[in-house]
Amino acid sequence: MKKNNHVSRRDFLKKSSLFGAASLSFSIVPRRVLGMNGQTAPSDELTKAVIGVGGMGRGHLRYPGARLLAVCDVDANHLKQALELVDDADVKGYSDFREVLERQDIDIVHIPTPPHWHGLISIAAAEAGKDIWCEKPMTRTIGEGKKVVEAVQRNGRIFRLNTWFRFQDTFYGFGTPVKPIKKLVDSGMLGWPLKATVSATTGFNWKFNWSGRTDLAPQEVPAELDYNMWLGPAPYKPYHPHRVHGTFRGYWDYDGGGLGDMGQHYLDPIQYLLGKDETSPVEVDVDTPQQHPDAVGSWRRITLKYADGCQIVLDGEDRDKNAAFLEGPDGKLFRGFRSNIENLEKKLAAFPDPEPQVVDFSHAVRTRRKFALNEANGHRSCTLINLGKIAVRLGRGLKFDPVQQRFIDDDVANRLIDQPMRAPWHV
Amino acid sequence: MWKLFKSRNLLILTVSIFLIPFVCQAADNPLDEILKKYPANNAADFEAVNAQLIGLGDSGLLDLCTRLKPSQENGDAPVRYALSGLTKYVQLQGDEERRQLVVNVFLKALNQIDDKEVKSFLIEQIQYIGNTEAIAPLSRYLTDAELCEPAAHALFCIKTPESSAALLFALQKSDDALKPAIIKTLGDLQSRAAALALIPYTESADLNTRLMAYYAIANIGDPSAANPLKRALTKTSGYEQKQAISAYLRFANRLAEAQAEELALTIYRTVLNTYTTAEDVNIQSAALTGLVAIEGEDALEDLLAAVDSPYKAYRNVALKLAQQIPGQKATWKWIDKSKSAAPEVRSEILAFLGERGDPIALPTLLEALNDSNSAVQMTAITASFHLGGLESVPFYTDLLRTEDESLINAVKGTLLQVPGSYLLTTVSYVLPTVPAPAKIALLDIIAQRKADLFFYDVLSFTEDENPAVRMAAIKALRDVTLFENVPDLITLLENTGGREAAETENAVYEVIDSFNTDQEKAEKLVQVFADAPSMKKNHLLNLLQRVRGQAALKEAAKYIKNPNLREEAAEAIVAIVCPQEGDGFGLRTNEAYALLEEALGLLKDRDLIEKAKNHLPSPLAEPDADGFVSLFNGKDMTGWVWNNSWKGSECGYSAQDGAIICDPAKGGGNIYTDREFSDFVFRFEFKLTPEANNGLGIRAPLSGDAAYAGMEIQILDHDHPSYNWIKPYQAHGSVYGTIPAKRGFLKPIGEWNEEEVKVDGRTIRVTLNGHVITEGHLDVARMPSTLDKHNHPGLTRTKGHIGFLGHGHHVEFRNMRIKELNKEPRPDNVPPEGFIALFNGEDLTNWKGLVANPVQRAKMSPEELAEAQKKADERMRAHWHPVDGVLVFDGKGDSLCTAKDYGDFELLVDWKIKEKGDSGIYLRGSPQVQIWDPQNFNLGSGGLYNNQKNPSQPLVNADHPIGEWNTFRIIMVGERVTIYLNDELVVDNTILENYWERDKPIYPTGSIELQNHGNTLYFKNIYVREL
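Protein sequences, first through last, are from chains A and B.
Quick note on numbering: the first sequence equals residues 1 to 427 in this note's numbering.
Quick note on numbering: the second sequence equals residues 1 to 1027 in this note's numbering.
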């Protein structure tokens, strides 16, 4: 650990006039009126900052709905490139996200950092009164996820994840959006319980290319990178370029390979389809080669089982080329919306639509309505991923209590729910 | 960083570790064998290898630890797998003795090994399985800059009072830089013992130390933390202050958990009263949340007051918290509150009531449907539906009577969530009574539900006076029309124009599109438009364009001469023939090209003209002295089209140096001539590379596997050893799978070969470098089955494209030229090559009269037979007359028979009948190949009419209109018959049953007869070739 801590170098202790006002009257004027330069023109526009502008972050710069005011990155080159890309004198650059959170003129914080930072920054942002647009997977551990849910809810914040297939767009190789699938499931035509299979045959790629290397000889940290801050809560390990930036997914300390990368995109819609937004599986089975303690490797099969018999099968080997995406006692649904139920499209049209969802984030922020994919159901679908990761790392099956969100009689596995963080980071 | 600090030690350590294997080699260390098994492939292997590892005992395991390399250099991955695996294994086993053994090994290794990175790895393992025995050894490291945190985490995992004590002790001794980590861990452990000791650190000069101290004393939750935290609130700002506030609230949570609820409540209330500005809404929210958690139902008044806040986010939190206080009394209070609130707040409360689930709120929500503020009305709609479901639906009717579109859409959104029959009943009841905007919404609901029972209701609105309603109704028709309703759509088309007509077309198309094949779709379209006035046939043409395919083209072609519709017909033809997005080829038959040419003359739109011109085949070159036309200009691919077998690849064929080269490195696919050819002599040169495999497609369609869908003349380096298994029908020059080729005439690899393929009618001949290597009859080759026993329908094609089929090897082609045969009509009754004329145009030579039937004739004596024959011949001459080269039958005599009997043969015969005419061709003296008026019998000619067990109907109706000539080509081999009518296959390799003696197969020989059926008949061009 470096002797001179990153924090003391900076002076971000701004004075603001919070205290001293003896009056208890409520201030009616929107806070943005007290803007950066003391301007008094209120604006209806929402504003945002993006923390983490390396890979995905650059995409976030352009997401519509809010005006960009700040970008932040621990890599000085990434920061510089982002500022050049934006080319806007009003956008300020930062290397410490805590300074960004202090700005009172920023409404929304985007968090496209690597996953090991998601939980911390989400909570800090919630405690700073910001609304949050966080990248997936929501959190690296189940423990952080629980804390994010609590922090977002008690601080009354609007939170969304950066995955959207449960309400929009074609669902990867499956070939259609999720809405008609939801209609089909709700209609009961497939029966109950259901088994969902996520494999190449049903239209999904598990991206095992995101594997870590086990031969990383330490290298000198590049001048532009604040490695200690990049690591944040993660254990200190000697620097190597493969750990950071484009390839962090290969290391358990920061993410979880293809499962971490794509898992929430694939499994969140399935959780929605099965109506399991408020619960978790009770059992996890796994078939995998032994995992390296540091580097993520591939796995063969993960099965998540719910109490009512529903199952989600993550098939990394794609052995069953005839697998249905959804299978129930009364019918099957295959990739491309093919089915063994005749005249499905016509039959389906006669059924009611599923409940509409709030799908405009700016609208959610303004009206304080929960976004379609929020901290609560996002945590539950992220838990599916994290259950998978734990089972794979331990190489065995697990039993889980969905209410307590802990493993049953399994101290070993529970040590992976709340994992240690380096000071000064905690949840 | 490790390297920078300890490079010298690293060197020593690396060298020493490197030497160990050399030392151990002599002893043939079992550890090496075990390490080879990592990573274990599955749970069983994992179990086994760990058992082995344990078996090594603590000295063996210590040895293993020493094999760890610093920072994973030089690949110590197997060792890391082994040790981390061991840790998991021991945990799982739950065997206390083993656990201690392993932990002690790790602790010993920690002592022996200097490298910090290796040590931190070992400490990480202890995090998983360590217990009190590890506390003292680990505590040493709390003062070590690099190892403090791993050790502190391990102590946290061990979680006993001793770990707290060790940490506390270390706190005093450690450097300032390490204090934050230790303080944090004490906080994580909620170590009461440390509570007082930590307080001074809240005033440290170092920010991180202060932050950790706030967190730690808060998390520990000892009352002594109250004042330090309060002080921190006042003395800090910015991020630190937010952390201090967060700690303060955390502290309150801990107090509440420890039953010190009064203290906690005081803190929450203080915070609520202190942080009241817009920037602090989230802090207020957090405090309110804590308060409600303690007060429970007693918090109701606080929550009601909270909703007076000017901050929406805060009100929202309050309402969410209010969900935790159930009961009717509470609900009534909220109802009252909603009545006195400003509209924005009223909406929020109503939404809350909708989600609260207490039915007594429903009347309030329904009342709010009539609120003067439309935002409130909108909320009332969704909230009342959420709470009341179907019960609420009747109340929405009045809203539908407004003209407010957002209200109507909100109602529509709820209605779409209502199940089927109830919804549709409601909708149909309401539909006539509401104004236009609502009508439009309701019509869309019917459409979304595809409620075809409501077809007539929807249809009635196509006459509404409001054009928007009419349009909505027409659009809805797309989803509710069944095929039986289409006539009503056609009527509608007759009475509409412009966009309404276009949308009606869409509705018709939607229904037609549900049929399976292009052919069926075209037929159904023709059927529904059959009774439409010709003025409206332009709609038919628009729809044919969308259906596409051969059948649609044929229909569209019928209108090209119609003066009122020819321009539309021309546009339709262009649309059908030319390729569309993703279609690739479009239609490329000669008929299609001919129609396109005709259409071109009628087009006005420049883009369409361009499109049509681009699709026409390139002009043929001038024939040379021998009548051959070149198909390759030596420079480019003009005249050839590419079939992309794999999407996204480039064409593997290209023109270079006067040749067309197939280069697999370049890409894939096949190439075809843009034109079709029927009978021809095709000549070309080719050059092979070793193992080359390609093929010449003949009479091929543009899609499908040309070897089966068309015919393929094999191009192959068949002498290559890798092809030593092939059969003669797979050799170079064979008609692949069906007609064998002679071997021995290919030039050496790398030299040019000269080949000629002649297809004339049903015969084919291949000549290679001057030698005829393949000769055969295309129907005989598949009757009763082909040599390779596969189905080769392509052999029955009478025309198609020439192509080069292959993409796996480098092959070159040049000098492709073609001479088409049989282009000029032959004079009547002059036989083609290989045939004799049974009718010479002038008299009845080669013919005799009919005597009874084969069964009866067999019973007659030679004298009886001769007598009967004489009489029959006289009758023949009375009723069968050659007239100007045509053999005419007056309908009153008997059938005409060939003088000779025939076994296997190919017969050509032109015939013409009058309306309702009926005749046939008898083969082997037995009935028959049917000839009749298709209008009369709803079926074309050519079928083996008298078959009972085998097919008896023609495959297609290929007849020319009554009064025009038709041509049969009949091939009989053994029991089987293949028949072409006007060059279309009507009977495919079918057994002809023996009509006279049903239990026997057809006679091996017999006469060919022209049947009398009581009508006037005309025959000519009767040719036969024995096979």
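The hints are simulated quantities; they were obtained by calculation from the structure and are not laboratory data.
Take the hints with a grain of salt, since some may be wrong.
Stated by the list, open to error - For lysine to any residue, the following SDA-like pairs were computed, each having C-alpha atoms within a straight-line distance of at most 25 angstroms:
no., chain 1, residue 1, chain 2, residue 2
1, A, Lys179, B, Ser514
2, A, Lys207, A, Arg335
3, B, Lys412, A, Asp186
Do the hints match the structure? See the list:
1. Only pairs whose Cα atoms come within 25 angstroms are accepted, and A/Lys179 paired with B/Ser514 is accepted, the gap being roughly 23 angstroms.
2. Between A/Lys207 and A/Arg335 the CA atoms are separated by roughly 19 angstroms; this keeps the pair inside 25 angstroms, and the hint holds.
3. Annotation: proposed proximity of B/Lys412 to A/Asp186 holds, straight-line Cα distance about 20 angstroms (limit 25 angstroms).
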